Amino acid sequence: MRLHRACLAVAGIGVAALLSLQPAIAQSMINGYWSPLGHQDSYHYLAGPDPGDFSGLPITDAARKIAQQYDADEFEQPELMCRPFMATYAPRAISTMRIWETTDPQTQDQIKIETTMAFSAPHRTIWMPASNHPAPSSSAPHTWQGYSTGKWVGNVLWVHTDHLKPGYLQRSQGLPLDDKTTMDERIFRYGDTLVDIMMISDPQYLSRPFIYSKLYAYIPQGNMDPYPCSVHNQVPTPEGYVPMRLPFYTTNYNDQFAAKGIPLEAAKGGEQTMFPEYQDYLKTLPPNPPYAQLKAEQEKQLEEQNAIAQGKQ
Amino acid sequence: MKLRLIVGITLIAGAIAIVHAQGRGGQAAPPPQPQSAQQAALIDLTGYWVSVVDEDWRFRMMTPPKGDYAQVPLNAAARKIADQFNPELYGGAKYQTSQIIDCRAYGAAGLMHMPMRLHITWDSPNALKIETDWGLQTRVLHFTLGKPNGDIEQSLRNGEIGGGHEPASMQGYSIAAWEQPYRFNQTIFQRGVVGRGGGLGQNRAGEVQPGGSLGVVTTDLAPGWLRRNGVPYSSKTRLIEHFMTFQDPTGKDWFTDTTEVVDPEYLNTPFFISSEFQKEPDGSKWAPHPCKEVK
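Sequence lines, in order, name chains B and H. Note that the numbering used here numbers the first sequence so that position 130 is 155, with each residue one more than the last. Note that the numbering used here numbers the second sequence so that position 116 is 109, with each residue one more than the last.
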């Protein structure tokens, strides 16, 4: 009996020795509440960027043409009023994000990772691992959050998303994304900072992937209020009214855009505006006309357009 | 029977522990030669890279209007300094697009957010060199001899690294370490499909994972600018960076540099930004552009 106890003790020491010899270990945990760090592009993602400012965006001519017809009053349309941010936009928004996982109680394997945001409450599911979730058929429904699968590569979460509804690249600008849009993400953390690299591809409206990194700070005592949304007609409009601009009119720039001094040529965007050599080209561009002149021309355009809409021309 | 089993387990466990200890540099084995940082590299950052500017475009590709400090958590003292920016020195009425850029905008705390090409090479087996075409700057990231891997933020908290290496300069003094990916243990939540269950000896503790990143801490900085329109950072600034490589859906290689600027003199909170760079096949687009020295 004594020998038996002694052997047990020695066995315990041996096992402890084995465990203590393992290298230092740590966990890469992305679960929890995350607060967006608003130190880059926050102006674009709070109220939305200025109309017509597409600088640094790899958009195609087709996308620019559609955006020129856009009227931000579309947000007042009942069918779009409670539209959640789509997967390609929500992580860029200035809004608290919550991430949680569901695991198999027997194997402890991750089954899915879910995310939601405080504003507009987009609820997204990332099915894990990707190899267990083959892509749905092309005729499967497209949704605002699309269909996401993920896998861990080291301590980086790789996510692929497709089956998205047609949406927008930036809010309140009218730059479109079509239903063939896909998004690949690399999500990882350094200490209490979360990084989400979003790579959005759209063969129709982007000439190259739009690659964007969003940073978040961990909130240990996080919480999230509900986001009830109900449809109310806040801006009275005639029944059947569809906000839009006629195709032969150009974007109306506002005074905030004018104050930033971005040359009108650069504001048209396109992938050439994304590279350092564009700085040399910027030097050659003429100064913008005074805003008063721009505004007068734009008001004239609007009057003409309204006259056409009312059948007076 | 039970007793034999216990004795057997004890002997096997002890033997494995001894072999493991020897494998990790125990007295029985000669100490391994320390790896250089170049040999231990977890990611390849060498080559030519171009910054792709689709974030903060108006602050990076052109000089923002005087007095526009949006998004930077500046305190009142810093705003006072930024208000002294003089457009006349940088092109007068066209200062926003003249591309006459003050060299202080290319100091380490703002450098990587500026549009430019980078040429990254090994200056020595333990020093990685970053050269820029716009601004003509050179950074050297020093790895600690014999310790190419580490947790740079933990070292900072422990007071193992800090300032006082050399006189203050625009690029300061940078200490670097490869950051290894996390390793599995029995409770790790990153799970895969192999090696599940089975008890002791079959868990995934210590299993090497792919990937990794580069951590860099920069101190000994001369005062510089966070933005081209004179938004200042002080000589007390400490810069913490993490470099991570990735591929885009078309197979192109990229890296992202996540930057935390800590300045107790001019910032109310740390300032976080990230910059993305795409790899280029060669240096054919390298275009040196000097910056403007203003005293």
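Read the hints as simulated data drawn from the structure, not as lab findings. Please note that the accuracy of each hint is not assured.
[Stated by the list, open to error] The list that follows gives simulated cross-link-like pairs (lysine-lysine, DSBU-like), each with its CA atoms no further than 30 Å apart:
(1) K73(H) x K205(B)
(2) K285(B) x K285(H)
(3) K320(B) x K87(H)
(4) K90(B) x K245(H)
(5) K245(H) x K285(B)
(6) K59(H) x K205(B)
(7) K205(B) x K245(H)
(8) K293(B) x K288(H)
(9) K285(B) x K308(B)
(10) K229(H) x K308(B)
(11) K137(B) x K245(H)
(12) K285(H) x K320(B)
(13) K73(H) x K293(B)
(14) K278(H) x K308(B)
(15) K288(H) x K308(B)
(16) K272(H) x K176(B)
(17) K308(B) x K140(H)
(18) K205(B) x K278(H)
(19) K190(B) x K245(H)
Please read these numbers as outputs of a predicted model, since none were measured by experiment.
Q: Verify the proposed pairing of K308(B) with K140(H), using a straight-line Cα cut of 30 Å.
A: violated, 47 Å
Q | Holds or violated: K59(H) to K205(B), with C-alpha atoms at most 30 Å apart | A | Violated. K59(H) to K205(B) sits at ~42 Å, over the 30 Å cutoff.
Q: Could you grab the alpha-carbon distance between K285(B) and K308(B) and see if it respects the 30 Å cut-off?
A: holds, 16 Å
Q) Does the structure keep K205(B) and K245(H) at a Cα separation of 30 Å or less? A) holds, 21 Å
(Q) K272(H) and K176(B) were given as a pair; does the straight-line alpha-carbon distance stay at or below 30 Å? (A) Given pair K272(H), K176(B) holds - Cα atoms ~25 Å apart, limit 30 Å.
Q.
Given the hinted pair K190(B) and K245(H), is their Cα-Cα distance within 30 Å?
A. holds, 27 Å
(Q) Hint check: K205(B) vs K278(H), CA-CA at most 30 Å. Holds or violated? (A) violated, 33 Å
Q.
Between the alpha carbons of K229(H) and K308(B), is the straight-line distance 30 Å or under?
A. violated, 35 Å
**Q.** Distance restraint between K293(B) and K288(H), which requires alpha-carbon spacing of 30 Å or less
**A.** violated, 37 Å
Q) Between K320(B) and K87(H), is the straight-line Cα distance small enough, at 30 Å or below? A) This hinted pair holds, its Cα atoms lying about 22 Å apart.
Q) Taking 30 Å as the top limit, are the C-alpha atoms of K137(B) and K245(H) close enough? A) holds, 29 Å
Q) Does the structure keep K278(H) and K308(B) at a Cα separation of 30 Å or less? A) holds, 19 Å
In this structure, the hints that do not hold are numbers 1, 5, 6, 8, 10, 12, 13, 17, 18, in rising order.
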